[in-house]
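In the numbering used here, the protein residues as written are -9 to 586.
Think of the hints as simulated: they come from the structure by calculation, not from any bench. Ideal placement from N, C-alpha and C gives every residue a C-beta, glycine not left out.
Below, in silico cross-link-like pairs of lysine-lysine (BS3-like), each with a Cα-Cα straight-line distance of 30 Å or less:
#, residue 1, residue 2
1, K280, K354
2, K458, K229
3, K190, K514
Using C-beta positions, here's what the derived DEER-type ranges look like:
#, residue 1, residue 2, range
4, V139, T31, 43 to 53 Å
5, E534, V139, 17 to 27 Å
6, N415, K229, 50 to 60 Å
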Amino acid sequence: MINQLFYGDNYPVKKLEVVNNKKIINMSSLTNNHICPICKTESDYIHSSYIRKIQDTPIHNMETWLYVETKEFECINENCSVKTFVEDLPFVSKHKVMTDALVQFILGISIFMSSSSTSLILSFLGVKISADTIDNLIKRINIIDNPDVEEVGIDDVAIRKGQTYATAIYDLKDHHLIALLDGRDAESVKDFLVNHKKIKVVTRDRASAYATAINEILPNCMQVADRFHLFQNLIEYLKEIFYKEIPDKIFIKNNEIIEKVKKVSSDLVNIDQNILNKLIYDNTPPIDEKGNIIIFDNKRRDLDSKQYIEQTKNRKIKQQMIIKLREKLEHSDCHQTTDIAKYFGISLTSLRKYKKMTDEEVIKVAERNNYKKGKTLMDDYYNIIYKMLKDNIAQEYIMAYVIKEGYTSSMRYLRDYINLIAKNNNMKYNDKLSTFIKEEYPIDVIVITRRDLLKHILTLDENKKDSKIEEYLDIIIKQYPIVYKIQNIFKDFHNTIFSKKTEELDKFIKNYEEDIPSFCKGIKKDIAPIKNAISYSINSGFVEGNNNKFKLIKRIVYGKMKLVNLSKKCYLSFLSTLDSFDLNEIVTGILNYEKE
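Produce the entire structure from the sequences given, and follow the hints as far as they go.
Okay, structure coming up:
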């Protein structure tokens, strides 16, 4: 029964067995004659037989193999160049170790997956196949060119963003991928168009290279500009104007626009208020166990910085120079002082100064001078900070306590100051401490970002507009009239493109040529395709959708697969969504390719 359903009456199953977790189907051939593949003479002379091992689709997710006793015939035509030949099996191609059904099974799973992933999943299902073998199957897919195609969509796609690009050409009727051309210049498109002279309609973006190629090869072809790219180009121009005149943030208080507002601290994060309330410190100088005032480094400076390390090094060099100078002066007379000063590169005044120094003063030359501290934001808090650090209080609580005591300036400044006090006085500290303070704008100030404002005025659907921005839009427009102008430009262009009246485009150019000269100049240069986009319902919106699908496939398979294989993988993926798609035809094409 099995052989009748799957393999034919001429190949009965003799035995089923499981060996090493593999299902083995032992079969024999009942064929008694076969036609020579060279001279086409039928022969019934059996020369010998052998066992041909062929992997088949898995049974119950177990690796399945056919062991077929295959016959070798001797050609009876004495003039034939072939002496012996092997019979052809109906379920597997010549010289192959996989049945045609298994090839179809593998391709069906690999359509939307990388070869490596396909290989892994197939191993779970009972198919032993490498990613390289799957790649080789993809290579043999035959892309069937249709020279009779009449309507196409063209756009560029990135193979490696910023480095390598290709041109994707899609059928406008069923939206499947027709070709993936290397590069996005006019020459590659020309080579394609030369073999597709029946094309009557091309939808494209604003690229001049595509326009040049189409005008040269198909001068009578109707070109339709892509509306998506038209709006995208306009938005780029409007954004550039908008960002020059509008600040990054607009602050509104009491229905008036005010100058830049600083953030203020709000809730303390991860702070236990009970612990905080129990802390009591003042800004009196710290004292030791004997009641003596502790002198500590309270300056906001990083002693481990490159600047301070270099200064420390220079002080030591200076100290060594003074010591050598004093030694030299001890063994010389007063007439030699000028020469000694020149030798050390110093003035006579400095020489006399160094000569008069005591040994204690020479030792102090290598020490850092504790200059008087200037007035800073931390004057009311640095003693508090030192004492809290000395008592091993966690830094987030030091920050919280200082804020509680009245500090209102930058949280980052406070955090860095605490770290430097600890560091410069050899105390325990955490230099990766995050800011434990939330900073927010005052609650009575409305903050509108430039980005959100632009998005709002370029949104035509009233239901999707930002209600907060809409409430204050008149106030913003009064302060920044450019907002109103940009809103009108975009709205008028949208109405023009969807008006179905080409004369509206001429009016738009006339009205806004001074406001957006570069954009209007580009429209004039490409005016026929843009007017076609207004007149006809044809559009290439699906091209952008297909490009997103292409990007997904590229991310899955590209790297190991070069452009040729990528185009075939995409061809298979796009084709699979059509009702007319037949995977068996693809397999037949692969097998025919191999025979050739």
